[in-house]
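Chemist: Residue numbers (my numbering), protein chains in the order written: chain A, 6 to 326; chain B, 542 to 828; chain C, 11 to 331.
No wet-lab data here; the hints were simulated from the structure.
Please note that the accuracy of each hint is not assured.
[Said to hold, decoys possible] Calculated pairs, BS3-like style, for lysine-lysine (alpha carbon to alpha carbon, straight line, at most 30 angstroms):
id	chain 1	residue 1	chain 2	residue 2
1	C	Lys245	C	Lys208
2	A	Lys221	C	Lys33
3	C	Lys136	C	Lys208
4	A	Lys221	C	Lys117
5	C	Lys97	A	Lys221
6	A	Lys221	C	Lys93
7	C	Lys33	C	Lys93
8	C	Lys208	C	Lys121
9	C	Lys97	C	Lys208
10	A	Lys221	B	Lys718
11	A	Lys129	C	Lys93
12	A	Lys221	C	Lys115
13	C	Lys121	A	Lys221
14	C	Lys136	C	Lys97
15	A	Lys129	B	Lys566
16	A	Lys221	B	Lys566
17	C	Lys117	C	Lys97
18	C	Lys33	C	Lys245
19	C	Lys93	C	Lys117
20	C	Lys136	C	Lys121
21	C	Lys136	C	Lys93
22	A	Lys129	C	Lys97
23	C	Lys117	C	Lys136
24	C	Lys115	C	Lys208
[What the hints assert, rightly or not] Computed footprint of chain B on chain A; a stretch qualifies when at least three of its residues, placed anywhere within it, have a C-beta under 8 angstroms from a C-beta of chain B:
id	stretch
25	13-26
26	257-266
What you are looking at is a predicted structure, and each value in this text was computed from that prediction instead of being measured.
Glycine included, each C-beta is placed from N, C-alpha and C at the ideal position.
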Amino acid sequence: MSSSYVRRRLIQLVPSFFLVIVLTFVIINLAPGDPSAALAGEFASPEYVVEIRKLYGFDRPVHERLLIYIGNMLTGNLGRSYFYGVPATQVVIERIPATLLLVFPSIVLSIVIGLPLGIFAARKRPSRTTAAIVFQAYILFSIPIFVFGLLLMIIFAVYLAILPSGGMISQFYATGLERAADVLRHLVLPMLTLALIWGVPQFVRLTYSAIVEVSKEEFITTARAIGLDEGAVFRRHAFRNAMLPVATIAGIWISSAITGAVFTETVFSWPGIGSLLFDSILLRDYTVIMFIFILTAISVIIVSLITDIIYARLDPRIRLR
Amino acid sequence: MRRSVSLSNTLTLVRVGMRDLRGDKWGLTGLCMMLSFVVIALLVPYFPLYDPWEQSGADVIAPPSWNHPFGADIYGRDVFSRVLWGTRVSLGLGVLAALTSFFVGAVIGSFAGYYGGFLDDIMTRFIDVFIIIPRVILLILVAALIGTEVWYMALFIGLTMWASTARIARAQVITFKERGFVKAAALLGAGDVRLLFLHILPNGIYPAISNTTLQVADAIMTEAGLSFFGLGDKNVITWGQIINMGMLSISSWWLVVFPGAAIALMVLAFNLLGDSLELRLKPRLLR
Amino acid sequence: MLDIADLSVVYRGYRGVLKAVDKVSLAVEDNEVFGITGESGCGKSTLAASILRVLPQSAEVTSGRILFRGIDLRSVSEAEMRKIRWKQISIVFQNAMNALDPVYKIKDLLKEPLRVHEGMPDEETKRRVGEVLNLVRISQSRMDSYPHELSGGTRQRVMIAMALICRPQLVIADEFTTGLDVIVQDQILADIEDLRQKLGFAMILITHDLSVILEACDRVAVMYGGRILETADSKSILQDPRHPYTRALLDSMPTIRDAKKKLRSLSGSPPDMLNPPTGCRFMSRCTFATQLCQTDPPNLQVGVGRYSRCHYALDQGFKRR
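Next comes chain A alone, as it looks inside the complex:
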C-alpha cells in the first residue's frame, strides 16, 4: 500500500488541528464582555481572572492574542483549572482511563449485537422479523440517551435495587478480583445504555442498508450464476463489499460515541471525561471545558484518519492512489 497516501493524510491533519484550535479561539473571543472574565467563569477570584488575562493575552490586541494562544496550545498550556488548582490538561487526562473503560466495551458489545442483527435483518427480508428489527433500531435511536440511562437507573438501581446507581466503585478498600467485580457491577448499566442507544441501532441500520445496497450489484448475480449457494454468495461477496461503507463513516461514529459517553457518564456519575464536563459546566470551569473539546476533537480526527487508512487497505480500488 502506498505510503504516500499515508503521508498525505498525515499532512492533512495539520490544517484540521489548526482549524479546531482557531475555532475555540474564535468562540472564546466572541464571549460578551471581558473575555478573561468570561473564561475565568462566574465563581473565579480576581487573582484568577488576572492570571487568565495574562495567559491568554487578553490585554493585548487581537492578532497578538492569536499567536499567544497558538503558542499556548502547542506547549499544552491552557491554564489552571481554578477549581482543582492544577493545570486543566492534567485534570482532564486523569479521567481518560475511566472513559475508555466505558467506551471500548460498549463499542465491542454494540458490534457483537448490532452486526449480526443487521445481517439477519438483511438476509431475511422482506419479512416481519426484518421490519421488527429495523423498527426497534429506529425506536432505540430516537430515545435520548440520558433518558434511557435514567430509566435504567430508576428501574434497576432505585426500584429493584440490584445494581448500583452511580460512580465506579462502592467498596473503597477492595483490591484485585473484588475490586474488578465491583467496577464491573458499576459498569453494567452505563455500558448497556451506551451500547443499546448509541451503538446497536447504528450498527443494525448501517449493516442492514449496506447489505441491501450491495445485494443489488451485478456481481452478486454473477456469484449466484456461478452456482454458489446463498450462504456462500453472502459470505464471499456481499459481506466483504458491504463492510466497506461501514468503515467510511467510522469517523462520525466515534464522534457520536464520545457524545453518548458524555451523557451516560453524567447520568451514572461515572468518573470519566463526560461527567467532568458536566461538573465543569456547573462550576464554570471553562479552561477544562475548552481542553475537553480540543482533546475530543483531535482524537476523533486522528481515529478517523486511522480508519481511513485501514479502509484504504481493504478496498483495492483505493490502494494504488
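With chain A's structure known, arrange chains B and C on it following the hints.
Modeler: Same frame as chain A, now just chains B and C:
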C-alpha cells in the same frame, strides 16, 4: 423562464414526494406524527391546562394523578402542561436550526463545488472537520461562554450541522455543473450566481431535503441534551429541562418518562419522515 | 439441447405486474449460435436470467417449460440447479465492470467456479486459469490485477474466460459487446468463434446490434414487447424477412454499399409492458397493420424451422413500401 423553473420544480418535488404514499406505512406514520405535533404546538394556548409556570407548594414532586396526569415537578408545576408547551419550543427550534443548517450548508457547498480548485480544497477540509468534531461538546462550549437564549441556540445548533448539507450540495453542484442545460444557460449570458441558484440548485436540491428533515430530529435531540445539562434558556420550557430536574430527584420517574417519551416521539417522527423522503427523492437509477 | 416452450416471466412491483416475457418458445441445437435480438427492454435479458434461474426476487416465472438436455430446469431442486449453473450453462454479462466483484483479484475470480464445480488440486486449478487466460488472449501477468485496473475490453474477456473455465455446453452472452468499440468487438467475436470451434459449445447471443447477429449467428429470434416475433436462420432473415418488425430493423441498418440510401427509422416507442395492448404488440408502429391485427397473431410456420407471429407472414414478404 426563471419563475417557471422554480415553480415547476417545486411542484414536481411535491408530486414525487407524494407518490405512492399509501404503500409507505412508515413514512406515513412519521408524517402523521409530525402533523400531530404541529397541531398541538399551535393549539396549546387554547387548551384548558394549568399555567405551566404556576408554582404550587402543595404539589411539590407529586406523582401522576387525576389532577396532574403527568405529575408535578419540584416547584409544584404541572408537568402535563409543561410537556405540551414544550412542543412549541422543540418544534420551532428544530426547524429553525435545520433551516439555518440548510442555507449555510447549501451556500458554502455550492460555492465550493462550483468554483473548484484551491477554494474547493480548503472548503472540503473545513467541511470534513466540521462533520466529525463532536458537536455537542462544541455547543456546550458555545452555550457556556456566549449565552443560551433560545433563538441563539437554534442558530448555533444549525451552525454546527451545516457540514453534511454542504457535502451534498457540493456533490450535486459538481454533477450538474457539466450538464447541458447549465452550459446552455451560461452561454445565454447567465452569471455565476444566477446559474447556481436558479438552475443548478432547484434541480439538485432533492437529496438535501431528506437530509434537512433528519437534521430537525438531530437538532431536537441536541437541544434536549443541552437543556438536560442545564444549558438551555431558562425562560422557555423545554423537555430537556424537565428531565434535568428528574435527574436531581431520581425517584420522580414521571419527570423523566413523559418528557422523554415526547422527545423520542418527535425525533422518531422526523427520522421516519426523513428516511422515507430519502428513498423517494433519490434519483431513479436506470436498470 | 435447450428447448424453451411458452415461457412467461413477470416482475411484481408496487405499480403493478410487468409482463417482461410473454409465452416465448425457442430451441437451441448443439454447437449452434442462436441469436436473440430486439430493442432495449424487450425482455431479452430477463429471458436469459430465467434460464439459469438467477432472476431478482421481484421476478416470477408464471408459465412455461425450459428443457435442457431433457432436464426440466424449472422443476429441479435448487441444489441440482446449482450443479447445472456454470458447469453446463454459463452466462456472460453485459457490464463486466459491475459484474466482477471488485475486491477480488482476477485469478481468484477465475478460480471460484472451479472451486464450486471441480474439486481440483491447487496445481490443476492454476493450470486451468492460465489456460483459459491464454484462450482469451490475456497475458498471465494480469492474474494479480483487480477488475478496476483493467480496460473494458480486457474485463469483458475476463468474463468470457470465467464463463468458459468449466467447459460448459451452453454459453449465454448477454449484450456482451455493448460498450466496446467496434474493433475490440470484432476481435472478441472472432475469438469466441474460434473457441467455439475448439471447445465445442452452443451459444445464445443476445444483442440489439443486428449486424453482429447476422454475422455471427446460425439462427435468430427477433424479440419485441416480451414476445418472439420471428425465428429463422440468419440468411433467410436477411434476404426474406417475414415480419414487418424484422423488415424495419433491417431497413434501419446502414450499409456500406447503399451509402445513399436514406435510413428509415422506426417511429413510436415500445409498448408499455404493464398494460400491454391486446392484439399484435407491434401494431401501433407497423406500416402494414390492418383491422385484423387487433387480434393476437398466431405463430405461423413459414418454412422449415421458421416461424413468424404475424397474420401476413405467409404472404410474400414485407417489401419496402
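Chemist: Evaluate each hint against the coordinates.
Modeler: Structure-based check of all given hints:
A hinted pair counts as satisfied when its Cα atoms are at most 30 angstroms apart, and Lys245 (chain C) with Lys208 (chain C) qualifies at roughly 24 angstroms. With a C-alpha separation of about 27 angstroms, the suggested pairing of Lys221 (chain A) with Lys33 (chain C) holds against the 30 angstroms cut-off. A threshold of 30 angstroms between alpha carbons decides the hint, and for Lys136 (chain C) with Lys208 (chain C) the separation of about 21 angstroms falls inside it, so the pair holds. As the CA atoms of Lys221 (chain A) and Lys117 (chain C) are separated by approximately 24 angstroms, the hinted pair is consistent with the 30 angstroms bound.
At most 30 angstroms may separate the alpha-carbon atoms for a hinted pair to count; Lys97 (chain C) and Lys221 (chain A) meet this at roughly 24 angstroms. For the given pair, Lys221 (chain A) sits about 24 angstroms from Lys93 (chain C) by alpha-carbon distance, which is consistent with the 30 angstroms threshold. Between Lys33 (chain C) and Lys93 (chain C) the CA atoms are separated by roughly 27 angstroms; this keeps the pair inside 30 angstroms, and the hint holds. Restraint check for Lys208 (chain C) and Lys121 (chain C): satisfied, since their Cα atoms lie roughly 22 angstroms apart, inside the 30 angstroms limit.
Our distance criterion of 30 angstroms between C-alpha atoms is met by Lys97 (chain C) and Lys208 (chain C), whose separation comes to about 17 angstroms. A hinted pair counts as satisfied when its Cα atoms are at most 30 angstroms apart, and Lys221 (chain A) with Lys718 (chain B) qualifies at roughly 29 angstroms. Of the supplied pair hints, the one linking Lys129 (chain A) and Lys93 (chain C) holds, its CA atoms being roughly 25 angstroms apart against a limit of 30 angstroms. Between the alpha carbons of Lys221 (chain A) and Lys115 (chain C) the distance comes to roughly 21 angstroms, so the proposed pair stays at or under 30 angstroms and holds.
This hinted pair checks out: Lys121 (chain C) and Lys221 (chain A) have alpha carbons roughly 23 angstroms apart, not beyond 30 angstroms. Of the pairs offered as hints, the one joining Lys136 (chain C) and Lys97 (chain C) holds, with about 18 angstroms between alpha carbons and a cut-off of 30 angstroms not exceeded. Taken as a hint, the Lys129 (chain A) and Lys566 (chain B) pair is honoured in the structure, with Cα atoms around 19 angstroms apart against an allowance of 30 angstroms. Note on Lys221 (chain A) and Lys566 (chain B): the hinted pairing holds, with a Cα-Cα distance of about 23 angstroms set against a maximum of 30 angstroms.
Between Lys117 (chain C) and Lys97 (chain C) the alpha-carbon distance is near 18 angstroms, which keeps this suggested pair within the 30 angstroms criterion. Between the alpha carbons of Lys33 (chain C) and Lys245 (chain C) the distance comes to roughly 25 angstroms, so the proposed pair stays at or under 30 angstroms and holds. Between Lys93 (chain C) and Lys117 (chain C) the alpha-carbon distance is near 22 angstroms, which keeps this suggested pair within the 30 angstroms criterion. The hinted pair formed by Lys136 (chain C) and Lys121 (chain C) meets the criterion: a straight-line CA distance of about 8 angstroms does not exceed 30 angstroms.
For the given pair, Lys136 (chain C) sits about 22 angstroms from Lys93 (chain C) by alpha-carbon distance, which is consistent with the 30 angstroms threshold. The hinted pair formed by Lys129 (chain A) and Lys97 (chain C) meets the criterion: a straight-line CA distance of about 29 angstroms does not exceed 30 angstroms. As the CA atoms of Lys117 (chain C) and Lys136 (chain C) are separated by approximately 9 angstroms, the hinted pair is consistent with the 30 angstroms bound. Between Lys115 (chain C) and Lys208 (chain C), the direct Cα distance comes to roughly 27 angstroms. Compliance with the 30 angstroms bound is thereby established for this hinted pair.
Only residues whose beta carbon comes within less than 8 angstroms of a beta carbon in chain B count, and the stretch 13-26 of chain A has 5; three or more means the coverage holds. Proximity of the stretch 257-266 of chain A to chain B, defined as three or more residues with a beta carbon under 8 angstroms from a beta carbon of that chain, is established by the 6 residues found.
Checked against the numbered hints given earlier, this structure breaks none of them.
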